[in-house]
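Participant: In case you want the letters, here they are:
4 protein chains.
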Amino acid sequence: MSTSNIHGIIGYTITPFTADGEQIDLSALGRSIDQLIDSGVHAIAPLGSTGEGAYLSDAEWDQVSQFTLAHVAKRVPTIVSVSDLTTAKAVRRARLAEQYGADVVMVLPAAYWKLSEAEILAHYRAIGHSISTPIMLYNNPATSGTDMSVELILRIFNAVENVTMVKESTGDIQRMHHLQQLGEGQIPFYNGCNPLALEAFAAGAKGWCTAAPNLIPALNLGLYEAVLANDLKTARELFYRQLPLLQFILKGGLPATIKAGLRLTGIEAGDPRLPVFPLSESAVSQLQQILKILR
Amino acid sequence: MSTSNIHGIIGYTITPFTADGEQIDLSALGRSIDQLIDSGVHAIAPLGSTGEGAYLSDAEWDQVSQFTLAHVAKRVPTIVSVSDLTTAKAVRRARLAEQYGADVVMVLPAAYWKLSEAEILAHYRAIGHSISTPIMLYNNPATSGTDMSVELILRIFNAVENVTMVKESTGDIQRMHHLQQLGEGQIPFYNGCNPLALEAFAAGAKGWCTAAPNLIPALNLGLYEAVLANDLKTARELFYRQLPLLQFILKGGLPATIKAGLRLTGIEAGDPRLPVFPLSESAVSQLQQILKILR
Amino acid sequence: MSTSNIHGIIGYTITPFTADGEQIDLSALGRSIDQLIDSGVHAIAPLGSTGEGAYLSDAEWDQVSQFTLAHVAKRVPTIVSVSDLTTAKAVRRARLAEQYGADVVMVLPAAYWKLSEAEILAHYRAIGHSISTPIMLYNNPATSGTDMSVELILRIFNAVENVTMVKESTGDIQRMHHLQQLGEGQIPFYNGCNPLALEAFAAGAKGWCTAAPNLIPALNLGLYEAVLANDLKTARELFYRQLPLLQFILKGGLPATIKAGLRLTGIEAGDPRLPVFPLSESAVSQLQQILKILR
Amino acid sequence: MSTSNIHGIIGYTITPFTADGEQIDLSALGRSIDQLIDSGVHAIAPLGSTGEGAYLSDAEWDQVSQFTLAHVAKRVPTIVSVSDLTTAKAVRRARLAEQYGADVVMVLPAAYWKLSEAEILAHYRAIGHSISTPIMLYNNPATSGTDMSVELILRIFNAVENVTMVKESTGDIQRMHHLQQLGEGQIPFYNGCNPLALEAFAAGAKGWCTAAPNLIPALNLGLYEAVLANDLKTARELFYRQLPLLQFILKGGLPATIKAGLRLTGIEAGDPRLPVFPLSESAVSQLQQILKILR
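Residue numbers (our numbering), protein chains in the order written: chain Z, 1 to 295; chain D, 1 to 295; chain C, 1 to 295; chain X, 1 to 295.
Please keep in mind that the hints were generated in silico from the structure rather than gathered at the bench. Note that the structure is predicted; figures quoted are calculated from it, not measured. Take these hints with a grain of salt, some might be off.
No copy is singled out in the list; a pair is fine if it fits within one copy or between any two copies.
27 Å max Cα-Cα, derived DSS-like pairs, lysine-lysine [claimed, not checked]:
hint, residue 1, residue 2
1, 114, 233
2, 114, 89
3, 292, 74
4, 89, 251
5, 292, 206
6, 89, 292
7, 74, 251
8, 292, 233
9, 251, 292
10, 114, 251
11, 74, 89
12, 74, 206
13, 114, 74
14, 233, 89
15, 89, 206
16, 233, 74
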């Protein structure tokens, strides 16, 4: 599957836990994946922030990765996040994802120490050389602690053959302008910041990576379709309709909010792992109100 | 003239100086105003950042204000920036602008000390009570040192009757979303950040306050027209075409860049006042290249 | 008077206004200066932040400058702040201060636009060449909007002969370390950040520019004397005793707090100019409590 | 051992790897520990940032923890960092450290998501309840992504009985002032920011947690002794002598710099794990020059 097919609404999957929080609930995982795909998303992305990838043991990560790819079974492209703190561990995950059938792997330069540009480039190069699957470079300083400039992103894009897509989550729309300008329109970029959904599409983003389709897929897809139809007024109207939920998700935290929302709609996926709290009762009520209006 | 007419491309005027920098060159000012109006801008805004309002003596400010309003002669609405460090001085300027015929006055809470919310509100209230002209509240922490939250802006909007418009220049597009949401679509907001021109219109901005029409009015007007025509693709294309100049203006400084650009097109408006430098020779060459492609 | 004499506690003077806020109250100014000098400060500094220099008309600035220098009459060295938005205006003030007898002039690169390093250097050079009085370079990004790196400060120090002292107010103690290191111990630096009083002296600052001696001169002087006596324990103890007041001054704003404090001790200096508020009643009570404990 | 004994110079240990980077080199670990203790440090702290704790597998962490405590054998107190991304994993490490004989465990609220105050408090409470060993709360937003306010630190200190010490590494000396003020002098605080070594002691810090004693123990100990002797001048002089190395360590990264420095002095501890680079050749030369002057 060529990466030129990756576009539109890319839905993050959650990682359901059993009630005691100690096991992965594969049955719930399967149902949440089916619901996402049936809703019409154009691709799915497991094991990212929403998927609590950072909170899983290696064995759990392997289990979720293998199960997800088998369960999706190529119904839509799958973008597996393989980020890890050491290069060796990230390479291990990238190889496993490739072996399980990932269409794309996503790499955030997760770091304890602030990494130099040379260290980041070497990290991407080592992962890139270890697989033949396309890589989506992911910039999100809020969770990784490392902000990659557009210039660095371009250097990596040019230096590592299978880095072919960029996901931008700084929240600064001008980064996408610079990607468009410096990349001369040849670098497919994707938006990872929910409240910038409208602006990113206006700026030319090829897709929107978001956890929201677990809860409001029709609105997410509608926004994308309005953009494809060159209908700015409808896009704006749909954006402002869904914005309260997008803001709520960001404020409440992705795993906590999406798991609470799935629970409201009949999929029990457990709670996030501590220290992350599940949504408070009052926040669940708020979420219910917002969803009632939107669905 | 009702403020409901204020929309579209709002062009800043420069303040031309004589060659020794000591006098206002009213003749050049008149020509630069005529050129702006003839290009089709929907309104003009003198004495703001581009107009070096902060660098003028009181007598000079009065002279530019009076001349500009007489010269525009209601061909388009005029929005006069009346900001000053003390409330008393800002009131003085607001009254003069009203007396000279301003359609709107614009107020940035310029500050040496960081002001409290109560101090900012009282400042707007004092100015509001001293005139009957509508006020455009202006938020630009980069030049004023004071960032007004959307909540504070709403408090002022509700507390001071003639504050009826908001100009937002933080560079954070989400501020406009919040204005739209919290104001329930009833607060007309205008964009003051050039590189956000496309996104601000996508988000629903009613106008774009910009110095660029001194140099590339057709592209600025074209972007607005594409938005009015609900044609996102054309708007995006026109935005990316003019973006290099918008970025150049921001980087080079508004008065220096616009004065250099006017000189290239036959209007000699002198240099900015020191310590602000005129554009370097190499920057002038760059500007010439950019303009050659765009015009 | 050689600048090698500038050391120790350097007290800012306030600028008293008449009850209607429209005139300078020279009689109160004289009394507040006398009180400062009699308390034992090593130098005084008029027309800075505390002196509301930015809020005065040119005529008022000239009046306060001339009166202060005549009234001090060389009892202690006087450091006059001559900052202004344009280079021409700052030069005018510097020449006046020199003519009235200033021992040192202090220059903050006040800016509406963010200045380039070349613009800042040219600004200092123009002022330096216009007078023979020593210049204290002042870095305070919170009020000037312009942060000068230690490297830039050194360039100016080396390029402009009469820039012979540095006042640092970023609040980052490491700037003083870098000044000490890069200047190889040859650049006299002074602290302008009240809550860093202890650390700045520990780092080798030659003096402390502060409004606090208007209210608690004995504690300020005691801290400096403990440092001179190489008695860290006493310095620490005196620092923590006065810290609540230093923090209160910072939080309440310098002119508002010092004017309220002087009023409590019998010198009526009026209120700050709007939009700056005088201290609220409850804050005045707090200040009274803090002073009761300390005096 | 009561925590009242924890004071002075607290040396971080590195975690040596074999040449292929895949095994822990316990023999080198033992030698590096002995060298630290023989140099006179007052305590040692394994498995923190310098110890690459975040880059170890669980099995490796257990091995280093057990070996270090056995090898130190109570010659000095040992403070074991037990931070981990989930509360369950941090509890597991805390229990192991206690079982192996740690005198103190250190907890940084490492986070992928930004944690709420309630989440952070619950995290400390869960760890605190799982052991009886004293806990050193550690605030370092640059590596954890989470900045704890002084107010939050106090809440945790009061709510969790065995949180009895605070290590502050924000780089803002005023945090220590607030800890001293709000804790009314009853909260022992320790400095974790090398370039603030002098100021932290001036502000009353009880100790300095640092990797520097692996390379220049005499200077580190001398600074502390000068402070104990109330000799500010000597403390300042010793601080400025060692500051170039402290800055070099910070700039080059702790594990890379210390491992390179140990190699220069005869202890081969391998390289940091990728993506972290070992020191470049030119940086090693610089380090050699700095050390030659200091030792």
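Participant: Against this structure, judge whether each hint is valid.
Facilitator: Each hint, compared with the structure:
With identical chains, the CA atoms of residue 114 and residue 233 are never at most 27 Å apart, being 42 Å at best within one copy and 35 Å at best between copies. For the identical chains of this complex, residue 114 and residue 89 are neighbours both inside a copy (18 Å) and across copies (24 Å), given an alpha-carbon limit of 27 Å. In this assembly of identical chains, residue 292 and residue 74 lie within 27 Å of each other by CA distance neither inside one copy nor across copies; the values are 33 Å within and 50 Å between. Only between protomers do residue 89 and residue 251 lie at most 27 Å apart by alpha-carbon distance; the minimum there is 26 Å, versus 31 Å within a single protomer.
Taking the shortest alpha-carbon separations for residue 292 and residue 206, neither the intra-copy value of 30 Å nor the inter-copy value of 31 Å comes in at or below 27 Å. With identical chains, the CA atoms of residue 89 and residue 292 are never at most 27 Å apart, being 43 Å at best within one copy and 38 Å at best between copies. In this assembly of identical chains, the alpha carbons of residue 74 and residue 251 never lie at most 27 Å apart, being 33 Å within a copy and 47 Å across copies at closest. For the identical chains of this complex, residue 292 and residue 233 are intra-copy neighbours only, at 24 Å inside a copy versus 34 Å across copies, given an alpha-carbon limit of 27 Å.
For the homomeric pair residue 251 and residue 292, the shortest alpha-carbon distance inside one copy (19 Å) is at most 27 Å, but the shortest distance between copies (45 Å) is not. Proximity of residue 114 and residue 251 under a CA criterion of 27 Å is satisfied in both settings, with 26 Å inside one chain copy and 10 Å between copies. Taking identical chains as interchangeable, the C-alpha atoms of residue 74 and residue 89 lie at most 27 Å apart only when both belong to the same chain, with a minimum of 26 Å there against 35 Å between chains. In the homo-oligomer, the alpha carbons of residue 74 and residue 206 lie at most 27 Å apart inside one protomer (20 Å), although the nearest pairing across protomers, at 45 Å, exceeds that limit.
For the homomeric pair residue 114 and residue 74, neither the shortest alpha-carbon distance inside one copy (37 Å) nor that between copies (34 Å) is at most 27 Å. With identical chains, the CA atoms of residue 233 and residue 89 are never at most 27 Å apart, being 46 Å at best within one copy and 43 Å at best between copies. In this assembly of identical chains, residue 89 and residue 206 lie within 27 Å of each other by CA distance neither inside one copy nor across copies; the values are 30 Å within and 39 Å between. When the C-alpha separation of residue 233 and residue 74 is checked against a cutoff of 27 Å, the pair qualifies neither within a copy, at 35 Å, nor between copies, at 32 Å.
In the structure shown, a violation is registered for the earlier hints numbered 1, 3, 5, 6, 7, 13, 14, 15 and 16, in ascending order.
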